[in-house]
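Engineer: Here's the letter readout for the chains.
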Amino acid sequence: MPKEYNPEFVGTVTKYVFVESPDITPQHLSIRAYEISQGVMIKETCFGLQITGMPEDVEKVIAALREMDPYHILVKDRGFPPGDKRRCRANLGGARPGYFGHEFEMGLLRHISKGLKAMENGVKPNEKSVNAITYHDKPLLDTERLEEIAVSKSRESANKEADTGAANNSITK
Amino acid sequence: MSKVFIYPSTSLILSDMVARFGHEPLGAAIKIRERIQTPGFDSPPLQMTPEDPKKGLKYAAVEVPAGVRGRMAIFGPLIEEAEAAVIVNDSDLAFGCMGCARTDELVKFMIRQRKDIPILEIVYPSNEDEGLAFVDSIKNFLDGLSAKEVPK
Chain A
1 MPKEYNPEFV GTVTKYVFVE SPDITPQHLS IRAYEISQGV MIKETCFGLQ ITGMPEDVEK
61 VIAALREMDP YHILVKDRGF PPGDKRRCRA NLGGARPGYF GHEFEMGLLR HISKGLKAME
121 NGVKPNEKSV NAITYHDKPL LDTERLEEIA VSKSRESANK EADTGAANNS ITK
Chain B
1001 MSKVFIYPST SLILSDMVAR FGHEPLGAAI KIRERIQTPG FDSPPLQMTP EDPKKGLKYA
1061 AVEVPAGVRG RMAIFGPLIE EAEAAVIVND SDLAFGCMGC ARTDELVKFM IRQRKDIPIL
1121 EIVYPSNEDE GLAFVDSIKN FLDGLSAKEV PK
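Protein sequence lines correspond, in order, to chains A and B.
The first sequence runs 1 to 173 under our numbering.
The second sequence runs 1001 to 1152 under our numbering.
Worth flagging that the hints you see were computed from the coordinates, not collected in a lab.
Check the hints yourself; a few may be wrong.
Stated by the list, open to error - For the chain B half of the interface with chain A, some residues (derived, Cβ under 8 Å), not all of them:
| hint | residue |
| --- | --- |
| 1 | ILE1030 |
| 2 | PRO1125 |
| 3 | SER1137 |
Claimed, not checked - Here are the simulated lysine to any residue pairs, SDA-like style, with alpha carbons at most 20 Å apart:
| hint | chain 1 | residue 1 | chain 2 | residue 2 |
| --- | --- | --- | --- | --- |
| 4 | B | LYS1031 | A | THR12 |
| 5 | B | LYS1139 | A | ASN131 |
| 6 | A | LYS60 | B | HIS1023 |
| 7 | A | LYS114 | B | PHE1021 |
| 8 | A | LYS117 | B | GLY1022 |
| 9 | B | LYS1115 | B | GLU1083 |
| 10 | B | LYS1031 | A | GLY98 |
| 11 | A | LYS85 | B | LEU1046 |
| 12 | A | LYS3 | B | MET1048 |
| 13 | A | LYS124 | B | SER1126 |
| 14 | A | LYS124 | B | ASP1143 |
Note that the coordinates shown come from a computational prediction; the quantities given were computed from them, not determined experimentally.
Think of the CB as a built atom: it goes at the ideal place given N, C-alpha and C, for glycine as much as any other residue.
All chains, please: the whole structure from these sequences, using the hints.
Structural biologist: What follows is the structure, encoded as C-alpha cells:
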C-alpha cells in the first residue's frame, strides 16, 4: 500500500542566493538577510543562502541582498525546501544532487560578474567575443563526401586483400 | 514580463540573467516545486508517479524509454508555456546519462520547432570579454522581448 504524502511549506518558494565576491561572504549575506527578513526562513550555506517563504517576502529580501553587491550575487529557484530529507546530504551522504552543476557554473561567475559590470559602464563587446559565444551549428556530413569516404575505404580494403593474396601466392610457389 | 524557457533548465546563470532583466525564467525547479508541494502518494525523491510517463506520451512515442517520457512530463508543459527561450549549447552542465541526453535532444528539438517564439542560442563564455558578450547578448534579447510586449 503506498504511503500518504503530506507536503510541508505549501505555497512557499525557495531561492538559492549564490555569492562569488571578494568583499561579501555568505555570513555577511545571512546577517543582512536576518535584519530584513519578514518571517522568511534563511539557511546559510558555503556558497550563500537558501531563503524560503511566501513569494513576495522572498522577493523583498532578495532585492535588498542584491543591492549589497549586484554583480556578484546571483539567484535561482529551488524545488525543495532547505534540509529536505530527499535532497539534504546530511541524510544521503556525498555531494547533493545538483552540486556539480553549481560547481561548474560557479567557475564561470567571474566572467559573468565582469561582464555585468562592464555592461553597466557602457562597454560594448568586441566582434571576436560576440562571434565566440554565438552558437554555430555543426555542419552535417555531405552525402557526396560520405560516398567518397565509403568508396575510398572499400578501394583500400580491396587493395589490401589483393596484396595479401599476391603475397600468399608467392609463398606457395 | 515574458516567460522565458532556459536550457540547461537548472542553470544558475541563465535563471539569474532572465530574472535580473525583468522576465520570468522557466526552469526545472518550478515544476519540481509543484510536485513537491502537491499532496498525494509518497514517491521520493522527486514525487514523480507512474502517471508522469503517461503524460510524457504527448511529447514522445510509447517505445521511447519511460525515463525520457517522465522527464518530458516536466519539460514539455514548460516549453508549451514559454514565450521565448535561451539555449546554451555544448554545456558541460547538461551532460548526463542516456535518458538525460535523449531528453536534452528532444527538448532542444521541441524548442526549435516552436517557430512562434524568439530563441537565443549561445555558448558559455571562457574569458572576461566573452563574459561581456554573453551578458550583452542576453540583455539585448530580453530587451527585445519587452519592446514587443503590448502595453496594457
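Engineer: If a hint holds in the structure, say so; if it does not, say that too.
Structural biologist: Status of each hint after checking the structure:
Given hint, ILE1030/B at the interface with chain A, holds; its Cβ is 6 Å from that chain's nearest Cβ, closer than 8 Å. Annotation: interface hint on PRO1125/B holds; nearest CB of chain A at approximately 5 Å, less than 8 Å. Checking SER1137/B against chain A: minimum C-beta separation of about 7 Å stays under 8 Å; hint holds. With a C-alpha separation of about 14 Å, the suggested pair LYS1031/B and THR12/A falls inside the 20 Å cut-off, and the hint holds.
Of the pairs offered as hints, the one joining LYS1139/B and ASN131/A holds, with about 16 Å between alpha carbons and a cut-off of 20 Å not exceeded. Annotation: proposed proximity of LYS60/A to HIS1023/B holds, straight-line Cα distance about 16 Å (limit 20 Å). A hinted pair counts as satisfied when its Cα atoms are at most 20 Å apart, and LYS114/A with PHE1021/B qualifies at roughly 17 Å. Only pairs whose Cα atoms come within 20 Å are accepted, and LYS117/A paired with GLY1022/B is accepted, the gap being roughly 18 Å.
A C-alpha spacing of about 11 Å is found between LYS1115/B and GLU1083/B, which places the hinted pair at or below 20 Å, so the restraint holds. A C-alpha spacing of about 16 Å is found between LYS1031/B and GLY98/A, which places the hinted pair at or below 20 Å, so the restraint holds. Pair hint LYS85/A plus LEU1046/B holds up; C-alpha atoms about 11 Å apart against a cutoff of 20 Å. Taken as a hint, the LYS3/A and MET1048/B pair is honoured in the structure, with Cα atoms around 14 Å apart against an allowance of 20 Å.
Distance check on the hinted pair: LYS124/A and SER1126/B sit about 17 Å apart at the alpha-carbon level, within 20 Å; holds. In summary, the hint linking LYS124/A to ASP1143/B is supported, as the alpha carbons are separated by about 16 Å, within the 20 Å threshold.
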